[in-house]
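**Q** Each protein sequence line maps, in turn, to chains A and B. Once you know that position 15 of the first sequence is 15 in our numbering, the rest is easy, because the numbers rise by one and skip nothing. Once you know that position 328 of the second sequence is 328 in our numbering, the rest is easy, because the numbers rise by one and skip nothing.
Treat the hints as calculated values from the structure; they're not laboratory data. Worth double-checking, as some hints may not be accurate.
Claimed, not checked - Per label pair, the in silico range of CB-to-CB distance:
hint: 1; chain 1: A; residue 1: 34; chain 2: B; residue 2: 274; range: 33 to 43 Å
hint: 2; chain 1: A; residue 1: 95; chain 2: B; residue 2: 371; range: 36 to 46 Å
hint: 3; chain 1: A; residue 1: 140; chain 2: B; residue 2: 270; range: 48 to 58 Å
hint: 4; chain 1: B; residue 1: 428; chain 2: A; residue 2: 14; range: 24 to 34 Å
hint: 5; chain 1: B; residue 1: 150; chain 2: A; residue 2: 186; range: 28 to 38 Å
hint: 6; chain 1: B; residue 1: 428; chain 2: A; residue 2: 90; range: 46 to 56 Å
Stated by the list, open to error - If you want a taste of the chain B side facing chain A, the calculated C-beta under 10 Å gives, among others:
hint: 7; residue: 18
hint: 8; residue: 19
hint: 9; residue: 21
hint: 10; residue: 379
Each residue gets a CB set at the ideal place from its N, CA and C atoms; glycine is no exception.
Letter by letter, the chains look like this.
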Amino acid sequence: MSETVKVPTMAEYMAEGKRPEVLFWVGCAGSFDDRAKKITKAFVKLLHSANVDFAVLGTEESCTGDPAKRSGNEFLFQMQAVTNIEVMNAYEIKKVVTACPHCFNTLKNEYPALGGDYEVMHHTQFLKSLLDEGRLTVEGGKFKGKRITFHDPCYLGRANNVYEAPRDLLRKLEVELIEMKRCKRNGLCCGAGGAQMFKEPEPGNKDVNVERTEDALETKPDIIAAGCPFCNTMMTDGVKSKEKEDSIDVMDVAELIANAQDL
Amino acid sequence: MQYIPNIIFVIALIAGIGYFTKNVRKIIRNIRLGKDVDRTDNKKERFANMARIALGQSKMVRRPVAGILHIVVYLGFIIINLEVLEIIIDGIFGTHRIFAFLGGFYDFLIASFEILAFLVFIGVVLFWIRRNVIRLKRFWNPEMKGWPKNDGNLILYFEMVLMTLFLVMNAADLQLQNLGAEHYIKAGSYPISQYISPLFNGMTEGSLILVERGAWWLHILGILVFLNYLYFSKHLHILLAFPNTYYGDLKPKGQMDNLEAVTKEVMLMMDPNADPFAAPAEDESEAEPAKFGASDVMDLNWAQLLNAYTCTECGRCTSECPANQTGKKLSPRKIMMDTRDRLKEVGDNIDKNGSFVDDGKQLLNDYISTEELWACTSCNACVEACPVSISPLSIILDMRRYLVMEQSAAPSDLNNMMSNIENNGAPWPFNQMDRVNWSKE
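All chains, full assembly: derive it from the sequences and hints.
**A** And the structure:
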């Protein structure tokens with residue numbers, strides 16, 4: 001996928017003396033992980049198509065500190081947080097959108113007490129608001145009638161009670177939305193949270209992502225929809241371990257909407 | 001001589017309530033060993049939570065079978081206790097069925113108590129079957145061996161016996177009323193014990209009085225013993241569920257507190273005007289520096305310790321835990337049980353020595369292993385599952401903080417991740433300068 005997308009940075013905006021409507025917080029996965037970069041691009045295309053005036057921090061963005069905090073390294077977390085807050089406050093950021101529920105949770109809940117008070121939205125919430133405002137049109141397109149199940153990211157769902165925004169978007173795609181037995185507040189973790197993404201699992205008899213993938217496969221889906229780059233990786237690996245990667249795609253909600261419109 | 005039963009009753013009552021009060025004070029003292037945390041905000045929301053979750057059992061019914069059975073036993077327990085009020089007054093003053101003057105309403109009350117007692121009995125039997133015959137998995141996890149298993153069953157036996165005694169007492173009373181025995185005024189309605197009553201057909205008045213009095217005494221003494229059993233049992237939840245839901249965490253589940261001690265240091269490091277060579281202030285140099293995170297119960301906050309006493313070991317947390325479901329050693333319920341056991345041990349130590357004397361043990365390693373702590377995905381399933389607002393996750397995270405900040409004992413993979421964040425602002429070894437390269441790929 002070699003195509004350049006136009007992504008303005010805050011520094012460029014600042015130089016022109018302008019302020020964007022929203023800061024797109026890309027996050028580490030969205031910046032560096034090959035799979036997650038596609039999600040980032042899809043989301044940027046949607047932002048452009050809805051004429052959203054946005055910018056990224058670019059090289060001034062740094063890890064929110066979430067994995068450090070969940071590992072117990074409060075010191076490193078706060079160093080990251082305070083540094084990021086300094087940058088964001090210098091740009092007088094008011095509103096932030098991110099495609100990563102971990103960044104979302106940290107920015108929204110843990111930054112305010114350290115001086116970083118912003119309106120923070122998950123990209124599914126933001127897309128939903130664009131839809132409601134009539135700035136974005138979502139149509140079934142090629143996904144019309146497909147069987148899709150949505151895996152709730154823990155840090156979006158249980159952690160912040162956001163269950164409906166991603167589902168509302170999927171319904172707009174006129175797909176057949178099928179819920180897993182464990183969904184919404186009862187949704188099972190993909191296994192990546194709490195910094196597990198960055199370590200080998202403790203000894204056990206199964207990997208959490210395989211257990212969760214089995215939940216998803218029970219719904220006989222064409223596509224497993226996710227709203228988190230880490231869940232995406234875990235579910236993709238799970239589908240591969242079941243040798244179903246040829247028949248089942250794991251896709252972010254933003255990718256589904258962008259692809260439906262052939263953006 | 002005629003006042004001997006009254007005197008014995010009053011002594012038993014004072015002893016029972018006195019010993020219980022003494023132990024409750026111990027519990028309060030132990031909970032106060034925890035660090036301070038402010039849970040005095042949003043009183044309205046807190047009351048609402050208590051009313052909905054504890055009084056209204058809203059989270060219990062998420063598992064309908066256990067939830068409905070629990071509501072039956074819970075309602076029965078509360079309402080039948082109105083009868084205990086009459087028993088206490090009768091016991092002190094040597095009266096019999098002092099509330100009988102309520103007439104029709106009294107009949108209604110006694111009839112309701114009987115029906116509830118019967119339903120409680122059935123409910124408790126079904127609970128016993130779930131535990132011991134159906135053997136629901138969550139009651140047979142490794143941490144449920146020994147005392148926790150016996151405790152669970154003992155509570156059920158206690159309730160079966162108490163309900164039986166109550167009904168037997170009424171059945172014998174009914175016989176005595178029909179015989180027109182002195183003292184046994186005609187009062188009450190007995191929809192359940194009327195079917196037990198025929199068992200006593202043909203018994204003499206003396207034997208009937210013996211049965212009635214025997215059941216009456218065993219019932220009230222049983223209640224006093226059961227009251228005092230609470231202190232030693234998971235059954236404490238019947239009292240502590242109320243304060244625990246009141247003081248529960250109101251923040252979004254994903255929000256972890258920011259350690260203030262760390263904030264001070266970070267702010268100092270970031271402050272360009274701070275004097276790097278400043279000597280510590282006089283009073284500061286003497287004080288022991290604050291410990292980061294928790295290695296023992298005293299490092300936790302009082303709300304977490306209250307959580308531990310409130311846990312009734314139902315295991316809903318563990319059965320929802322992704323780590324536990326996939327065979328990892330972590331069980332959120334065990335985290336709570338270990339915290340309570342260690343807190344009890346610390347409390348006993350204080351009772352013995354006047355103040356805590358180092359016993360060479362701590363919550364970390366002696367009770368909770370690092371393998372358990374590192375298995376957690378912080379997904380909040382355990383917090384969501386708990387019917388009484390307990391957060392095993394907050395204890396896990398505080399203990400991780402100790403491991404990482406005091407002992408540098410993170411798994412090596414995590415150390416790599418953290419040094420990546422420190423050096424290049426991402427958990428992977430990529431250069432921060434390459435953060436927007438994706439737009440050109």
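**Q** Within 48 to 58 Å or not, the Cβ separation of residue 140 of chain A and residue 270 of chain B?
**A** holds (51 Å)
**Q** How does the Cβ-Cβ distance of residue 34 of chain A and residue 274 of chain B compare with 33 to 43 Å: does it lie in that range?
**A** holds (42 Å)
**Q** How about residue 18 of chain B: closest beta carbon in chain A under 10 Å, or not?
**A** This hint is violated: residue 18 of chain B lies away from chain A, its Cβ roughly 44 Å from the closest one there, beyond 10 Å.
**Q** Can you verify the interface hint for residue 21 of chain B: is its Cβ closer than 10 Å to any Cβ in chain A?
**A** violated (40 Å)
**Q** Is the distance from the Cβ of residue 95 of chain A to the Cβ of residue 371 of chain B consistent with 36 to 46 Å?
**A** Holds, at about 42 Å.
**Q** Mind checking the hinted window 28 to 38 Å against the Cβ distance between residue 150 of chain B and residue 186 of chain A?
**A** holds (31 Å)
**Q** Can we keep the residue 379 of chain B interface hint, with Cβ of chain A closer than 10 Å?
**A** holds (4 Å)
**Q** Regarding residue 428 of chain B and residue 14 of chain A, is the given constraint of 24 to 34 Å on their beta-carbon distance met?
**A** holds (28 Å)
**Q** Would you say the C-beta atoms of residue 428 of chain B and residue 90 of chain A sit inside 46 to 56 Å of each other?
**A** violated (26 Å)
**Q** Can residue 19 of chain B be said to touch chain A, with a Cβ gap under 10 Å?
**A** Residue 19 of chain B check fails; min Cβ-Cβ to chain A is 42 Å, beyond 10 Å.
In this structure, the hints that do not hold are numbers 6, 7, 8, 9, in rising order.
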